[in-house]
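If you read the sequences in order, they're chains Z and H. Per numbering that gives the first Met the number 0, the first sequence starts with residue 0, numbered consecutively. Per numbering that gives the first Met the number 0, the second sequence starts with residue 0, numbered consecutively.
Since the hints were made in silico from the structure, they are not lab data. These figures come from a predicted structure and were not determined experimentally. Heads up, a few of these hints could be off.
As the list claims (entries may be wrong) - Pairwise CB distance ranges (calculated): (1) H:Ala69 <-> Z:Leu134: 57 to 63 angstroms; (2) H:His265 <-> Z:Arg225: 45 to 51 angstroms; (3) Z:Leu62 <-> H:Lys210: 32 to 38 angstroms; (4) Z:Ala130 <-> H:Leu245: 40 to 46 angstroms; (5) H:Phe136 <-> Z:Lys105: 42 to 48 angstroms; (6) Z:Leu107 <-> H:Leu119: 21 to 27 angstroms; (7) Z:Ile215 <-> H:His265: 49 to 55 angstroms.
Built from N, CA and C at the ideal position, the CB exists for glycine as well.
Listed here are the chains, written in short residue letters.
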Amino acid sequence: MQPVGAAVPLRVDIAEKTFRSAQGVSVTALKDLSFEVRQGEFACLLGPSGCGKTTTLRILLGLDRQFSGSFQLPEGGSNRVAAVFQEPTLLPWRTVEQNVRLALPKDLRAKNLDGLFDTLGLAGMRSFYPAELSLGLARRAALARAFATEPAMLFLDEPFVSLDGRTAEQLRRLLLTVWSARPTTALMVTHNLTEALTLSDRIIVLAPRPAHVLGIFDVRLPRQHRSPQAISDLLRSFHQKFPGVI
Amino acid sequence: MTARGTGGRTLGDTADTSSRSGPASALIPVLTVTISLLGLCLLWSLAANAWPSRAFPGPGQVWQVLLREAASGDLFYHLGATLGRVAAAYVVAMIVGSVIGILLGSHRGADRFFSPWVILFLNIPALVVIVLAYIWFGLNEVAAIGAVAVNKIPNVVVTMREGARALDPRYAEMAAIYRFGPLERVRHILLPQLQPYLAAASRSGIALIWKIVLVVELLGRSNGVGFQIYLYFQLFDVAAILAYTLAFVAVMLVIELLLVQPVERHATRWRRRPA
Chain Z
0 MQPVGAAVPL RVDIAEKTFR SAQGVSVTAL KDLSFEVRQG EFACLLGPSG
50 CGKTTTLRIL LGLDRQFSGS FQLPEGGSNR VAAVFQEPTL LPWRTVEQNV
100 RLALPKDLRA KNLDGLFDTL GLAGMRSFYP AELSLGLARR AALARAFATE
150 PAMLFLDEPF VSLDGRTAEQ LRRLLLTVWS ARPTTALMVT HNLTEALTLS
200 DRIIVLAPRP AHVLGIFDVR LPRQHRSPQA ISDLLRSFHQ KFPGVI
Chain H
0 MTARGTGGRT LGDTADTSSR SGPASALIPV LTVTISLLGL CLLWSLAANA
50 WPSRAFPGPG QVWQVLLREA ASGDLFYHLG ATLGRVAAAY VVAMIVGSVI
100 GILLGSHRGA DRFFSPWVIL FLNIPALVVI VLAYIWFGLN EVAAIGAVAV
150 NKIPNVVVTM REGARALDPR YAEMAAIYRF GPLERVRHIL LPQLQPYLAA
200 ASRSGIALIW KIVLVVELLG RSNGVGFQIY LYFQLFDVAA ILAYTLAFVA
250 VMLVIELLLV QPVERHATRW RRRPA
């Protein structure tokens, strides 16, 4: 299925975001942060830990409205945004299937989810409670929830942290599989360069606090050609373009 | 899923698990309770025989009175009246107390302002509230139930306020992103998180409420267990007082076993080990 609607990109233009602590100390997290993600593109927001990546995501998700600037979200699909957080954030008192269905718009509640659950290897776990799942499986359920809503924009906040290397690799492949079935404009926050090079069409490199865009690294190589050898070539050219970053 | 013990008869369990370990493991606690209660009766009976007095009847005499009152229908009439008041006051107190408690727990400013009020109401003696309610609103059912509820509400407020403070903002954020409706937020986000606090407030609530209901009945109603106890107090009939008390305690025990515990088991079925 192709994304529907006009080709509106994700357009971010945050002038400033400042946190004030209870003691009155203020810290500027973001300053003149602006970038674009084209329709149907998978982009990564790459930067060192604590540079304001998650803050940016929270603003775009509408969870933090205390900032100056503006942004525009893409349209299409259910015209919704979906998010996969660092923690799976499944409701522990609802089964995997209930967790996914509750996130759906009312008119999609009864839709057939067999294909999605099959792809993500969750077919046998629909009636399990999240506490009965491993972290890797819970992350898959969180991915299922995000993709089931057919969002116009997908945000991922380091969805593969604290997993062992093999599980993370497997989940990245699954993410690409479900994403390719319905290419959705996606923005993923990560500090893992290899992960960014494996998954994305473009990498938005952020400078440390206050965060602003250092530069854009486009990955033009089609995903199926990104062998370990190709990734290490990409790594080299990334380091040439952005020496000293990560 | 099979290692759930007595709480194991939930949705996901297979039938053979409950037929193999279910009845046997369910029987042991019942047996323990029965033996324990029989032991208490035996002790009571021995004591009553050692110090024979009209003011200290044995279990046999109390049983006789119980049968007599049950046969005449009086017992059930008065138990019913009290149970109705307990239920009404419980519902009112839980709803009003929960709403106020959640509001205070999620609004710091309101909490700071109203906190002294809560402490004030927590410390007003039940008797004062009851007397004032009867004076202001007359000797009627609404005043009676209202007075009991007002006594219980501050306790519910304090417990639910703690619950609201412990709410996890990540679930609320998830619900905002995926556009849950207001009712869905209450049902799927708010209530499940507050469930342990609701259970705690209910548990302590029912016990407290039925004791206050007796006082309300004693002071201003013409039926109910409290009214009967007052009547038999004037006749110095200890056997009848004990008969009514024990009958109502038994009713509360049955409610706990047949209503409260199954509801709680259902509400906590998602936990690995039910609390």
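Verification of the hints:
no., hint, verdict
1, H:Ala69 <-> Z:Leu134: 57 to 63 angstroms, "59 angstroms, holds"
2, H:His265 <-> Z:Arg225: 45 to 51 angstroms, "50 angstroms, holds"
3, Z:Leu62 <-> H:Lys210: 32 to 38 angstroms, "47 angstroms, violated"
4, Z:Ala130 <-> H:Leu245: 40 to 46 angstroms, "42 angstroms, holds"
5, H:Phe136 <-> Z:Lys105: 42 to 48 angstroms, "45 angstroms, holds"
6, Z:Leu107 <-> H:Leu119: 21 to 27 angstroms, "51 angstroms, violated"
7, Z:Ile215 <-> H:His265: 49 to 55 angstroms, "53 angstroms, holds"
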